[in-house]
Amino acid sequence: MPEERSILSRPSSESGSGLVPLGRGARGLRGVVERLDLASAPANGIDSYELERRLLEIGFVEGARVEILHEGFIGRDPIAVKLDDMRVALRRREADAVLIRPTETLR
Amino acid sequence: MTVEVAAMSCRIALVGNPNSGKTALFNALTGSRQKVANYPGVTVERKEGVFDTPSGRRFQVVDLPGTYSLRARSPDEAVTRDVVLGRLQGEARPDVIVCVADATNLRLVLRLALELKQVGRPVVLSLNMFDIAKHRGIAIDLDRLADELGMPVVTSVAVRRNGTSELLEEIDRLAAQGLTSSRDEWQEPGPDEVRAAHREAERILKIAVAPPARPDSWTNRLDAVLLHPVAGTVVLLVILFLMFQAVFSWANPAMDGIKAAFEWLGGWVNATLPDGVLRSLIAEGVIAGVGSVLVFLPQILVLFFFIILLEDFGYMARAAFLMDKIMGGAGLHGRAFIPLLSSFACAIPGIMSTRVIDNRHDRLATILVAPLMTCSARIPVYTLIIGAFVPRNTVAGFIDLQGLVMFGLYATGIVSALLVAFVLRRLIWRSAVEPFIMELPSYKLPDPKNVIMGVWVRAKVFLQRAGTIILSIMILIWFLSTVPGAPEGATDPAINYSFAGMIGHALQPLLAPIGFTWEIAVALIPGLAAREVAVAALGTVYAVAGGEESTGALGATLAGHWSLATALSLLAWYVFAPQCASTLGVVKRETNSWRWPVILFIYMITLAYGASFVTYHIAVALGGG
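Chain order of the listed sequences is L and F. So this note's numbering is basically just the index in the first sequence, starting at one, shifted up by 141. So this note's numbering is basically just the index in the second sequence, starting at one, shifted up by 1417.
Do not rely on the hints blindly, as some may be mistaken.
To give an idea of the chain F side of the interface with chain L (calculated C-beta under 7 Å), a few residues [claimed, not checked]: (1) Tyr1485; (2) Ser1486; (3) Arg1578; (4) Pro1608; (5) Val1642; (6) Pro1646; (7) Thr1650; (8) Phe1738; (9) Pro1852; (10) Phe1853; (11) Met1855.
Pair by pair, the computed Cβ-Cβ distance ranges are [stated by the list, open to error]: (12) Arg176/L <-> Leu1821/F: 53 to 59 Å; (13) Asn185/L <-> Phe1661/F: 40 to 46 Å; (14) Val173/L <-> Asp1609/F: 18 to 24 Å; (15) Arg176/L <-> Ala1630/F: 29 to 35 Å; (16) Gly1820/F <-> Arg176/L: 57 to 63 Å; (17) Asp1560/F <-> Val173/L: 30 to 36 Å; (18) Asn185/L <-> Arg1620/F: 37 to 43 Å; (19) Leu1659/F <-> Arg176/L: 20 to 26 Å; (20) Val173/L <-> Ala1613/F: 17 to 23 Å; (21) Asn185/L <-> Ala1556/F: 42 to 48 Å; (22) Thr244/L <-> Val1453/F: 46 to 52 Å; (23) Val173/L <-> Arg1620/F: 15 to 21 Å; (24) Val173/L <-> Glu1617/F: 18 to 24 Å; (25) Val173/L <-> Ala1828/F: 46 to 52 Å.
Don't read these hints as lab results, they were simulated from the structure. These numbers come from a predicted model, not from an experiment. The beta-carbon is built from N, C-alpha and C at its ideal position, and this holds for glycine as well.
Please put together the full structure from these sequences, using the hints given.
Here is the structure:
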């Protein structure tokens, strides 16, 4: 599936459900936040309850529109995301907790 | 319950998202009538000021750090919460809360406003930067917004004259009708409460705010370049290079001027007053001490001018984005880059600029490694020793050996700073890797008045708080190096008979394993005042006239007294040793505790001793003894 490959920078285990972890998206990926999946939260990070609240507080709520605008230089990390009408920067490891349903891709 | 607060002035707290122009609003309200202090026991600054309304009422206002929620994520953020809730000891609960919003970006602040409503104090929502919102054609139905939120809504343009008049009127109106307060019903919101509040904010936004007719296209266009993996990195490096150059070269003439002025003043005192301890205290203690505080001011002004300019423009978040991966490898936050780079000029402004880092551990780690960056005060020491001991050979046909050693010293500083940071953040403070989740604000033209005010506040903080600490340490060092004076008919330099001389001699057995002579040990004591002072101190101890001006003569003397191993060991010492009292003073001021300067001193002196020990013994083994 060439389209799917183009929006994913890394293969995803969630591709069966049609959901993509934001942290695995490439530049141009667009979608809507479907839910937060804290099970995949990084083990050496803050606890998942805290991470969930931080993501929600900056605006990663269910139904929010996202688009990956920019990627970092090294390892394409962190990413800059358009989130509704704001812009947010975050590392891929935290963005992995945001599951999105892709709408269309720009490239 | 209605409380009349006619007699005493009433207290106002400013709360808002980061980048909402809250500090600009605070500056517009208070002008120069503000003061900066620390809350007890934490690194958070307490910014307070007073202002009068047109009706003649006087208000006290406190500016709280930008936040997305009252919920505390760190001990520092707990201060914001506790001040708003009136839970902080010695801090009266505010009578009115002003929620400051960026009128062009309301989504998140509406949720904060809803949260603030539960605090039980009147809340006013001030739509700041309303001129930009109007310019972009964002239609905000103010009455509808006020109805839905259940709080008065005013507009403000902090950077314009009279831009705060609506807010002042509203505060006046609230004070005139008698301030009401109800019970504090705030509870820390869990994920579901955040979701619910967000939905409510979304609903209000839909009713009261129409999306921009002319969206901000500048931010997208600029980001296409400034966040581009290659172009963005190049631009960042150019900006950093210019900043670094400016801190070095713009500040230098002013620093030379300050140095010259204080030397002249000291000389004048020496010529005017009769010889004695009092003259020495005034000339070499107080005047030289004040001079050594003021000499940092030009660098601090230049650096903070750039930092505040870039912050207000919205670029600082982008710089953090670009540098996050590199700094993150050492366990530091992307924002640690600016303080560490500035520390190449001087660790003092570098450490002061760590306040752009929010997380406490990230900030402390940056403060602790900043002095390892090779500051400009090490250059005279390095040039003296390299010039005297390293031959002017070329290596591999084109590399100058002296330059290579200099480069090696810089590189050692950088690598060890990153290693120490790594150890601190990954091994000691490993509890949790702080996530990097940061809003990238829209670009805005900085307001010159606001930039100048910000630079002025930092200069004042440095002079008042760090300055007093630095001055007292300088006078203590003067005392140690001067008292007791040389006895009648003494032949050795006077410093040998002083406390510094005694301490130096006492320390000598301890320093012998790293190859230091007793003269070096003595020179290290006055050398605590600042690294470059060691050059003059060595001149004094070896009784070479002219000191700093005649480094050639001093170099020749040293070459006659020291082995190569000793010289290399001293170089290694200066890469690591905390030979700078001002750094310790500013760390005390910035961390608001003596604990961190003590830890800094101990870890740096341990590294210095270890590095010198290894260097000395390898050099001796290779025949440099």
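Item to check | Proposed interface contact between Tyr1485/F and chain L, which counts if any beta carbon pair is under 7 Å | outcome: With a minimum Cβ separation of about 4 Å from chain L (threshold 7 Å), the hint on Tyr1485/F holds.
| said: Please check whether Asn185/L and Arg1620/F have a Cβ separation lying inside 37 to 43 Å. | reply: Since the Cβ atoms of Asn185/L and Arg1620/F sit about 38 Å apart, the hinted range of 37 to 43 Å holds.
- Message: Assuming the hint says 57 to 63 Å, is it satisfied by the Cβ distance from Gly1820/F to Arg176/L or not?
- Response: holds, 58 Å
Worksheet item: Regarding Arg176/L and Ala1630/F, is the given constraint of 29 to 35 Å on their beta-carbon distance met?
Response: At roughly 33 Å between Cβ atoms, Ala1630/F and Arg176/L fall inside 29 to 35 Å, so the hint holds.
#### Entry: Per-residue hint verdict: Met1855/F, partner chain L, C-beta under 7 Å
Since chain L brings a Cβ to about 5 Å from Met1855/F, closer than 7 Å, the hint holds.
Interface hint compliance - Val1642/F to chain L, C-beta minimum distance less than 7 Å:
Since chain L brings no Cβ nearer than about 11 Å to Val1642/F, farther than 7 Å, the hint is violated.
* Would the stated hint for Phe1853/F survive a check requiring a Cβ distance to chain L of less than 7 Å? -> holds, 5 Å
- Task: Can you let me know if the beta-carbon spacing of Val173/L and Ala1828/F is within 46 to 52 Å?
- Result: holds, 48 Å
Worksheet item: Does the Cβ pair Arg176/L, Leu1821/F satisfy 53 to 59 Å?
Response: holds, 57 Å
Evaluate the given range 20 to 26 Å for the C-beta pair formed by Leu1659/F and Arg176/L. violated, 45 Å
*Assessment of proposed distance window 40 to 46 Å (beta carbons of Asn185/L, Phe1661/F)*: violated, 34 Å
Interface hint outcome for Arg1578/F [beta carbon to chain L under 7 Å]: violated, 30 Å
Taken one by one, the earlier hints fail for this structure at numbers 3, 5, 13 and 19, listed in ascending order.
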